[in-house]
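Q: Letter 487 of the sequence shown, counting from 1, is numbered 652 in the numbering used here, and no numbers are missing.
Keep in mind that the hints were calculated from the coordinates and are not lab data.
Being a predicted model, the structure only gives us computed values, none of them experimental.
Take the hints with a grain of salt, since some may be wrong.
Cross-link-like lysine-lysine pairs, in silico, DSS-like; alpha carbons within 27 Å at most [what the hints assert, rightly or not]: (1) Lys476 x Lys446; (2) Lys707 x Lys562; (3) Lys562 x Lys531; (4) Lys446 x Lys538; (5) Lys378 x Lys531; (6) Lys524 x Lys446; (7) Lys180 x Lys438; (8) Lys538 x Lys712; (9) Lys531 x Lys510; (10) Lys522 x Lys476; (11) Lys438 x Lys402; (12) Lys687 x Lys712; (13) Lys510 x Lys476; (14) Lys402 x Lys522; (15) Lys476 x Lys402; (16) Lys445 x Lys371; (17) Lys521 x Lys402; (18) Lys513 x Lys402; (19) Lys378 x Lys473; (20) Lys199 x Lys180; (21) Lys438 x Lys531; (22) Lys510 x Lys521; (23) Lys698 x Lys745; (24) Lys538 x Lys476; (25) Lys513 x Lys476; (26) Lys445 x Lys538; (27) Lys371 x Lys521; (28) Lys476 x Lys378; (29) Lys313 x Lys446; (30) Lys446 x Lys378; (31) Lys180 x Lys313; (32) Lys473 x Lys445; (33) Lys513 x Lys446; (34) Lys446 x Lys522; (35) Lys745 x Lys662; (36) Lys531 x Lys445; (37) Lys371 x Lys522; (38) Lys378 x Lys562; (39) Lys524 x Lys513.
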Amino acid sequence: MVKQQAEMKKGVAKKVKMTPSEAIVETLVAEGVKEVYGIVGSAFMDMLDLFPTAGIRFLPVRHEQSAAHMADAYTRVSGVAGVVIGQNGPGITNMVTSVAAANQAHTPMVIISPSAGTPTIGWDGFQEADQVSIFSAITKETVRVTHKSRVADCLRTAFRIAYAERGPVLYDIPRDLFYGELEDQILQPHQYRVDSRGSGDPVLTKQAVELLKHAQNPVIISGRGAVDADGVDTVVKIAEHLTIPVAVSYMHNDAFPADHPLAVGPIGYMGAKSAMNTLKKADVVLAIGTRLSVFGTLPCYDIDYFPKTAKIIQVDINPRNIARTHPVEVGIIGDAKATSDEIYKQLKEAVPNPEKKQKRLEDVSKEKAAWEKELVDLAMEDGSPINPRRALLELTKVLPDNTIISTDIGNVSSTANAYLRFNQTRRHIAALTFGNTGFAYPAALGAQLAEPDAPVVAIIGDGAWGMSLHEVSTAVEQNIPVIACVFNNRSWAAEKKNQVDYYDNRFIGSNIQAPEFAEVAKSMGALGYTIEKPEDIGPVVKEVLEKRQPAVLNIYVDGTQLAPPFRRDALQLPTRFLDKYKHLDYETWGSDKN
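Make the full structure from the sequences, and use the hints.
A: Below, the structure is given as structure tokens:
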């Protein structure tokens, strides 16, 4: 194997005898995989035994769902496809939720999925499940290893599709195929997959430039595609050249520097009114690296902001995303950076000496100032014990500029969208549109592993914390100094808000009783703090940042100060026809009830 590796460095790869486990691990090494997440299992132990020598760190979690959330965030920060593994059957099926989340987040990932051994397939043996069928709808592809000689080839295929289609791929291998011997060569990634995507159709690029050149009120929406392609700097150049305001897509607040004079903030639920008020006036929209999702463009704050008559230029690497949700004038299939570079190049030729649009700058400045004042005013309203907005405000004040922040799904976590500002890319790791709770903390662990020197903070509600607090043991064991900020309002507050607005304050299943989370954290070996005053948040965060240890901040916030309903588009006031339930009908609200 040493000889083969030396030959590979010279650009020569010959077939050599190896075991299937060795072929798999060497392919992982060639792909630059440094960590694999999961829980130890007999199905893949032969391969696992090779990891330390290969230089691959196995990160044992407490629940397999956490593994794929960690890998998801690791990929978003590092750009390297995350790899997870688990025992066949329940170990792999425990990852369904987190793999589905990664799929909707367009995160390249490979799930090494040991399955029942070939001699016993179909006998309903111990820990047997049809994992390929289970994962087929939540991955970009399922790749089955049909013979031990194909293990490396199939794994290469899994990585090729994961990167090309931007999502998870299941690599299913019967557990007996880790053993035996084969002859194969270990290829380098450039020999079996291409990362360069090009800048799209030049004719369409020219049309896009003409639209931008003549636009009266152009607006750019920058999305995760711009982040993943390292294209945000070019988005900045386009914006500055024509003085175009820039919004960021839903929960991708790191897709444009927030301190830039042309930045107007995020769109989507609990985004920025400054972005929405700017976007609704647009006559041309340049959407770079965003699929313009339905949920991410819904009205918010009673502002129906997404323009109905604007001419949309949409740039996306995936042709399935072009005009999927909004009709476009120009759709360009291309890499976000390469396409942005070409648009910028042509813009400089078409408009060599553009006039600085001072009024646009002034309008952006006014919108941002008004929104900032509203956010601070809302935060400074008294709460009992703490207004959740005040807690978010105090938290963001003290975090260093390079902090990575992961956010969960929930009332406070979603409100954070309005308060989170980033000036660097790959800083905002959100649960996005799959919307599962329990995402933020394991994601923060993965993000910290991808960038060990950066501060990493997870924003989590107490409901979601119940699904992820077990991973504090992982953080302590592996010395991962993530700060978990648990916003504790003793409820599933997003659902509670629905019960306030739509079910006459009938709280069924939405109130939570829980232990003192700070004390639980201490018992697990982490730092633990209970916070009941807003002025204590800053000093505690600063102290924890200096200590660089796993920490849990149990921040008690007011459970009556809630954001608007999360799914107003899908909720209705209740009607009841049976006499037995008539008292629950919305038309009876306010009447005397027995």
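Q: Against each hint, give a clear statement of whether it holds in the structure.
A: Checked hints:
| no. | hint | in the structure |
| --- | --- | --- |
| 1 | Lys476 x Lys446 | holds, 12 Å |
| 2 | Lys707 x Lys562 | holds, 11 Å |
| 3 | Lys562 x Lys531 | holds, 22 Å |
| 4 | Lys446 x Lys538 | holds, 22 Å |
| 5 | Lys378 x Lys531 | holds, 25 Å |
| 6 | Lys524 x Lys446 | holds, 14 Å |
| 7 | Lys180 x Lys438 | violated, 60 Å |
| 8 | Lys538 x Lys712 | violated, 34 Å |
| 9 | Lys531 x Lys510 | violated, 31 Å |
| 10 | Lys522 x Lys476 | holds, 20 Å |
| 11 | Lys438 x Lys402 | holds, 24 Å |
| 12 | Lys687 x Lys712 | holds, 15 Å |
| 13 | Lys510 x Lys476 | holds, 21 Å |
| 14 | Lys402 x Lys522 | holds, 15 Å |
| 15 | Lys476 x Lys402 | holds, 21 Å |
| 16 | Lys445 x Lys371 | holds, 25 Å |
| 17 | Lys521 x Lys402 | holds, 13 Å |
| 18 | Lys513 x Lys402 | holds, 10 Å |
| 19 | Lys378 x Lys473 | holds, 21 Å |
| 20 | Lys199 x Lys180 | holds, 24 Å |
| 21 | Lys438 x Lys531 | holds, 12 Å |
| 22 | Lys510 x Lys521 | holds, 18 Å |
| 23 | Lys698 x Lys745 | violated, 46 Å |
| 24 | Lys538 x Lys476 | violated, 32 Å |
| 25 | Lys513 x Lys476 | holds, 21 Å |
| 26 | Lys445 x Lys538 | holds, 21 Å |
| 27 | Lys371 x Lys521 | holds, 22 Å |
| 28 | Lys476 x Lys378 | holds, 13 Å |
| 29 | Lys313 x Lys446 | violated, 59 Å |
| 30 | Lys446 x Lys378 | holds, 17 Å |
| 31 | Lys180 x Lys313 | holds, 15 Å |
| 32 | Lys473 x Lys445 | holds, 8 Å |
| 33 | Lys513 x Lys446 | holds, 25 Å |
| 34 | Lys446 x Lys522 | holds, 16 Å |
| 35 | Lys745 x Lys662 | holds, 25 Å |
| 36 | Lys531 x Lys445 | holds, 16 Å |
| 37 | Lys371 x Lys522 | holds, 23 Å |
| 38 | Lys378 x Lys562 | violated, 39 Å |
| 39 | Lys524 x Lys513 | holds, 21 Å |
In summary, the numbered hints that this structure violates are 7, 8, 9, 23, 24, 29, 38.
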